[in-house]
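Novice: Residue numbers (our numbering), protein chains in the order written: chain S, 1 to 692; chain U, 1 to 692.
Keep in mind that the hints were calculated from the coordinates and are not lab data. The structure presented is a predicted model; accordingly, all values stated were derived computationally and were not measured. Heads up, a few of these hints could be off.
[Unchecked claim] Result set (DMTMM-like, lysine to aspartate or glutamate): computed pairs, CA atoms no more than 25 Å apart in a straight line:
no. : chain 1 : residue 1 : chain 2 : residue 2
1   : S       : LYS316    : U       : GLU371
2   : S       : LYS316    : U       : GLU380
3   : U       : LYS316    : S       : GLU466
4   : U       : LYS316    : S       : GLU380
5   : S       : LYS316    : U       : ASP455
6   : S       : LYS316    : U       : GLU413
7   : U       : LYS316    : S       : GLU409
8   : S       : LYS316    : U       : ASP608
2 protein chains.
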Amino acid sequence: MLKKGLTAAIAVTMTFMSTPFALADEGMWTFDAFPTARANQATGARIDQAWLDRLQRASVRLAGGCSASMVSPEGLVLTNHHCVVSCVQELSSTQRDYVAQGFTPRNRSEERQCPGFQAEVLQTITDVTPRVRQAVGNAQGSARVQALGTTTAAIEQEACGADATLRCQVISFYRGGQYKLYRYRKYTDVRLAWAPEFQAAIFGGDPDNFNIPRYAIDAAFLRVYENGQPARTPDHLRWNPNAPREGDATFVSGNPGSTSRLLTVAQLQTQRDTAVAIPQIQRSELRGRVIRFAEQSPENRRISTDLLFGIENSFKAQYGQQLALNDPQQMAAKQTQETELRRRVARDRRLSREIGDPWREIEAVQPAFRELFLPYRQLETSAGGGSQLYGYARALVRAAQERARPAAERLPEFSESRLALLQRALFEESQVYPALEELQLGFWLSKTREYLTVDDPAVRALLGRESPETLADRLVRGTRLADPAVRRRLFEGGLPAIQRSDDPMIRFVLATEGLGRNARSQWEQRVSGPTDAAAERIARARFAIYGDQVYPDATFSLRLSYGRVAGWTYRGRTITPFTRIGGLWERATGQSPFDAAPRILAARSRLDPNTVFNFTTTNDIIGGNSGSPVVNAAGDVIGAAFDGNIHSLGGAYFFDPAVNRTVVVSTAAITEALTDVYDQDHLVRELTGTRG
Amino acid sequence: MLKKGLTAAIAVTMTFMSTPFALADEGMWTFDAFPTARANQATGARIDQAWLDRLQRASVRLAGGCSASMVSPEGLVLTNHHCVVSCVQELSSTQRDYVAQGFTPRNRSEERQCPGFQAEVLQTITDVTPRVRQAVGNAQGSARVQALGTTTAAIEQEACGADATLRCQVISFYRGGQYKLYRYRKYTDVRLAWAPEFQAAIFGGDPDNFNIPRYAIDAAFLRVYENGQPARTPDHLRWNPNAPREGDATFVSGNPGSTSRLLTVAQLQTQRDTAVAIPQIQRSELRGRVIRFAEQSPENRRISTDLLFGIENSFKAQYGQQLALNDPQQMAAKQTQETELRRRVARDRRLSREIGDPWREIEAVQPAFRELFLPYRQLETSAGGGSQLYGYARALVRAAQERARPAAERLPEFSESRLALLQRALFEESQVYPALEELQLGFWLSKTREYLTVDDPAVRALLGRESPETLADRLVRGTRLADPAVRRRLFEGGLPAIQRSDDPMIRFVLATEGLGRNARSQWEQRVSGPTDAAAERIARARFAIYGDQVYPDATFSLRLSYGRVAGWTYRGRTITPFTRIGGLWERATGQSPFDAAPRILAARSRLDPNTVFNFTTTNDIIGGNSGSPVVNAAGDVIGAAFDGNIHSLGGAYFFDPAVNRTVVVSTAAITEALTDVYDQDHLVRELTGTRG
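Construct the entire structure; sequences and hints are all you get.
Specialist: Below, the structure written as structure tokens:
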């Protein structure tokens with residue numbers, strides 16, 4: 001599934017730039033540099049600027065890591081079920097499990113708010129590269145990282161100010177090759193309008209994830225509200241309930257989270273050996289612990305469904321990346337590309353004087369990367385191991401510390417322009433499951449001790465004479481941070497309130513978050529700062545030589561991909577691009593996770609076995625694209641992208657046009673499900689414009 | 001810990017030969033080619049052939065994967081606690097947990113038999129290379145593998161016949177460069193004479209495993225019996241209760257399980273990307289499941305202690321191997337060595353005509369390795385996932401099938417000479433824990449589905465329409481194979497009894513074990529057969545060029561390493577070679593796994609804080625060496641090797657004399673523990689020859 005994972009944070013810092021040439025249907029293009037002519041030629045469509053503008057205004061980013069689209073004039077938003085499952089779980093309780101049973105309101109008044117959800121629609125793109133370049137100047141190492149953070153935060157603050165309906169974000173493209181200000185209309189009142197049962201959305205579960213054939217209604221509807229009323233969204237996509245045919249043009253508009261397609265070969269080797277491999281073995285153990293936790297009781301299963309799904313989804317995505325990085329042929333191809341680029345740079349004396357040898361600089365950074373990766377990960381980027389309570393505590397402690405500092409010295413994530421989302425996360429109600437909190441916090445402490453070793457000073461500082469398990473239990477049992485009122489008081493009380501607090505989680509974080517700051521500042525000084533500085537010059541070289549044939553690596557910002565409906569052939573076996581509802585009855589064994597959802601089973605006689613269920617296309621997408629509208633040449637929405645095939649996972653590093661495929665749930669199947677399974681006629685009327 | 005892991009089976013098939021030169025204290029030398037002069041020069045000792053002979057006769061191999069030594073004239077055997085923990089667990093029950101409490105008989109009559117244990121003492125070594133070469137001839141692929149298996153089995157059968165006191169084994173050295181017949185005196189009545197508490201043996205648990213400083217009494221005593229009486233073992237080692245000093249010579253005599261030091265670079269890359277990496281992520285998830293299983297109840301913890309220890313031990317050993325394989329410098333050094341050897345071969349026209357280009361042949365095999373590794377592993381080498389009941393069923397089914405075939409067509413592991421150990425495993429009483437069986441069997445089925453994918457014909461054949469969990473439950477609940485009488489009847493009934501059986505596990509294995517045979521025969525045809533054929537020629541080239549400066553890779557056969565007591569320096573930090581009992585009191589936090597064992601805590605006032613507890617040496621050892629006697633220049637035993645430091649784990653591929661260290665529990669600490677903690681004065685008297 002293509003939701004942007006939590007681990008993307010690190011990947012992004014190492015993301016680079018684009019392939020030298022976009023081949024076939026390859027490319028995650030920005031809307032301000034879309035190759036319209038090339039796309040029309042490749043697909044036979046005839047799209048134009050107006051078509052692009054309309055699609056941009058209907059495309060939605062969900063701040064949690066997904067994509068979506070406006071599909072009615074009254075704020076109805078189509079996305080994937082797996083993009084809203086955290087909300088469905090939040091709205092559920094031991095008594096009423098919407099995850100298992102689906103959320104099927106009879107009308108709008110039953111739609112329920114999703115805490116923390118934010119929907120964003122891109123309004124304008126402005127190039128701010130010169131200003132950023134000037135501000136950063138020749139700063140090196142962590143000073144460079146700080147200058148960049150301060151400047152981009154200032155630009156955002158100037159552009160959006162305190163306007164509660166706007167979000168401004170300066171985004172790096174081509175790894176510092178360009179900086180652009182993306183200005184979004186934002187919606188903070190986002191409600192759940194429909195979600196099928198988990199088992200309908202994710203039929204086949206982990207075994208079928210990233211595999212084909214597929215029978216998943218991985219779709220859901222949200223609705224954005226303004227002032228308590230459904231928002232007016234005239235620029236929505238037209239709902240087309242007819243499935244496409246093989247070969248039809250398809251466009252996917254969404255927010256791919258992170259790709260690393262033009263890392264240098266030295267960086268790819270470090271990815272393979274360290275940055276992908278080590279988190280993966282930790283994730284695998286956590287997966288085992290959570291699976292066993294879920295098996296202990298029905299309630300355990302209920303509260304861990306979303307967490308386990310997320311872990312397994314990341315696991316498989318990373319597994320696909322490992323396969324790609326371990327493919328000697330792909331690595332050899334990367335080496336050839338790099339050698340060719342360096343050769344062409346070397347031939348251009350002015351260019352090579354200007355950029356020096358950034359490849360060698362990056363290679364020289366790799367030993368520091370390998371040395372510092374684990375402390376940086378364990379103490380900073382993955383600190384707390386996903387524990388929500390730890391996350392609250394660290395946000396509160398750091399917000400108090402940082403807000404007391406002048407803008408130019410703050411950690412960038414605590415600059416004024418970025419506090420709004422943080423405050424919502426802190427102040428809004430959110431369910432906390434202590435048993436899971438202990439599991440995650442204890443796991444993090446235990447792995448930190450294991451990987452940094454018992455006698456490491458940071459480990460001694462974290463644990464004292466406690467064990468990971470007893471410490472996690474004490475903190476989770478003792479803290480009062482599950483209460484949003486407590487969090488609000490601590491936030492508003494600032495540093496004095498934090499320092500006075502006797503909350504054990506606050507005290508723990510206050511005593512130990514500095515370990516993470518140290519690891520981070522070493523990382524910026526010796527790894528990310530020097531890498532970014534060199535990467536910017538590689539980007540410059542690439543522009544000089546390949547011009548506009550390159551597209552930027554993914555950065556969870558709006559992109560457009562063109563392609564067509566197609567299957568593929570692998571090792572002599574051909575996979576057709578469509579599954580149909582009738583195929584579900586054969587695949588459903590009745591045994592989890594191949595048990596069809598009860599409501600779908602009950603509707604069997606009403607469902608047309610020939611309706612297209614899921615289909616595959618050649619579009620170039622990746623995690624973060626989940627929920628992206630798939631539109632046809634006319635601009636009608638014909639599905640929601642929810643997955644890639646197993647070959648698409650290598651897309652983090654390489655796009656292989658022969659086998660890389662996007663997987664889509666069709667509007668045809670959604671419409672039929674709404675009508676014949678879930679009694680959502682009011683939604684169908686709204687979607688098809690037949691509402692009275 | 002250095003017990004030979006279960007996964008060594010696959011590693012062995014890929015093991016190769018030795019480094020071109022044995023550097024510093026490097027080398028796992030066979031007793032028939034020990035470089036006595038060099039060892040004396042390096043260590044300052046003055047050992048001779050008589051010294052070597054005596055040590056050989058006192059060295060013991062434990063068939064389960066460990067090493068040991070005779071330490072009294074009455075069959076007393078020193079080994080590690082972690083080498084006997086499976087027996088301690090077997091002797092325990094819900095009522096009486098010897099793992100937690102230790103096993104401390106007051107006299108010999110309370111010593112208890114360890115089911116399935118077998119102690120072996122090497123008697124003679126005979127070169128059988130010409131006969132094996134002739135029999136194999138020019139056979140290729142799986143025919144080569146079969147011819148090799150049949151011939152070595154025939155040699156063994158001729159040499160040992162039906163003599164119940166002997167075991168004969170033809171062992172490959174230098175990956176087919178040599179074949180030698182190892183003839184052992186074997187003891188099948190092996191009893192537990194003393195074991196400390198698990199917590200005393202493995203203080204610091206997984207976090208401290210492979211780390212220093214260390215405070216582990218990882219020692220235990222077995223006793224071999226003949227005709228119901230303690231065996232007479234006049235050739236035992238002299239027990240020396242005094243700790244050595246820094247720089248003293250040390251010799252380690254034991255059975256290193258498997259090294260892969262001279263794989264070609266192409267093979268090392270495949271190890272890194274596939275053969276090590278993928279089992280490791282599976283193992284990591286299993287670890288998580290078992291940890292959570294153990295946390296569910298005290299009884300769960302009790303029955304899973306040994307399993308979890310084994311998983312974590314393998315996990316860390318493999319992690320160390322991954323670090324080594326991911327080290328660009330080490331890989332570059334391997335490339336340099338290989339290039340040099342190939343260059344020298346190329347310069348010798350006769351030699352290069354004789355051997356051809358086996359490096360290229362091996363490189364050409366790698367795509368098949370990567371393609372076939374997972375089916376071969378999931379369906380054959382790891383089939384059953386460690387479930388004992390599945391293991392019984394497969395052994396019974398295949399034994400019945402194979403015994404009905406002529407010798408030349410049998411799977412080698414079912415040849416006459418190799419049936420004795422199998423029969424013991426089948427006929428002897430052994431505790432089976434259904435909850436763990438379901439966990440392991442279900443995990444295997446689930447991972448097989450995940451890694452081979454849902455629609456793979458083998459997966460469909462395994463699961464039918466059941467889920468991994470329901471199938472595992474049905475088989476474990478329904479089978480009667482936990483009863484040794486049932487197993488004996490099925491074995492003795494042969495194929496008709498198997499085919500008539502309605503035992504669900506037997507039926508399942510009968511229906512599906514062919515999947516494993518198919519995967520295996522493809523593997524032999526396309527991977528192991530061609531690899532072995534090429535490797536034999538690389539061995540020949542290496543002999544021709546480097547002569548006797550090479551030692552063979554480890555093959556769980558008796559080896560001798562020379563070295564000295566020494567610490568090491570890493571990243572500017574120097575680690576001293578000794579820990580002393582007093583250090584334990586500082587490290588013991590009281591929190592698991594840093595809680596000192598209660599009996600040791602209770603004896604604190606009687607224990608000398610200055611007694612050497614554990615110490616480190618430069619000896620070259622690896623998993624399988626666990627329990628090896630460490631002897632001084634005089635040939636006295638001064639400790640038992642139980643571990644390596646974290647740097648030693650890369651020893652599977654590279655020996656780094658600067659940092660690779662063996663970790664030893666001293667006879668000084670064992671003697672003090674026997675006297676002052678465990679009231680084992682009868683053993684101390686026996687060890688020190690002061691017995692009446």
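Novice: Are the hints correct? Go through all of them and say.
Specialist: Here is what the structure says about each hint:
1. S/LYS316 to U/GLU371: 19 Å, holds
2. S/LYS316 to U/GLU380: 24 Å, holds
3. U/LYS316 to S/GLU466: 23 Å, holds
4. U/LYS316 to S/GLU380: Between U/LYS316 and S/GLU380 the Cα gap is close to 24 Å, so the pair holds against 25 Å.
5. S/LYS316 to U/ASP455: 17 Å, holds
6. S/LYS316 to U/GLU413: It is violated: about 37 Å lies between the C-alpha atoms, which goes past 25 Å.
7. U/LYS316 to S/GLU409: 41 Å, violated
8. S/LYS316 to U/ASP608: With Cα atoms ~54 Å apart, S/LYS316 and U/ASP608 exceed 25 Å; violated.
Hints 6, 7 and 8 from the list above are not met by this structure, while the remaining hints are.
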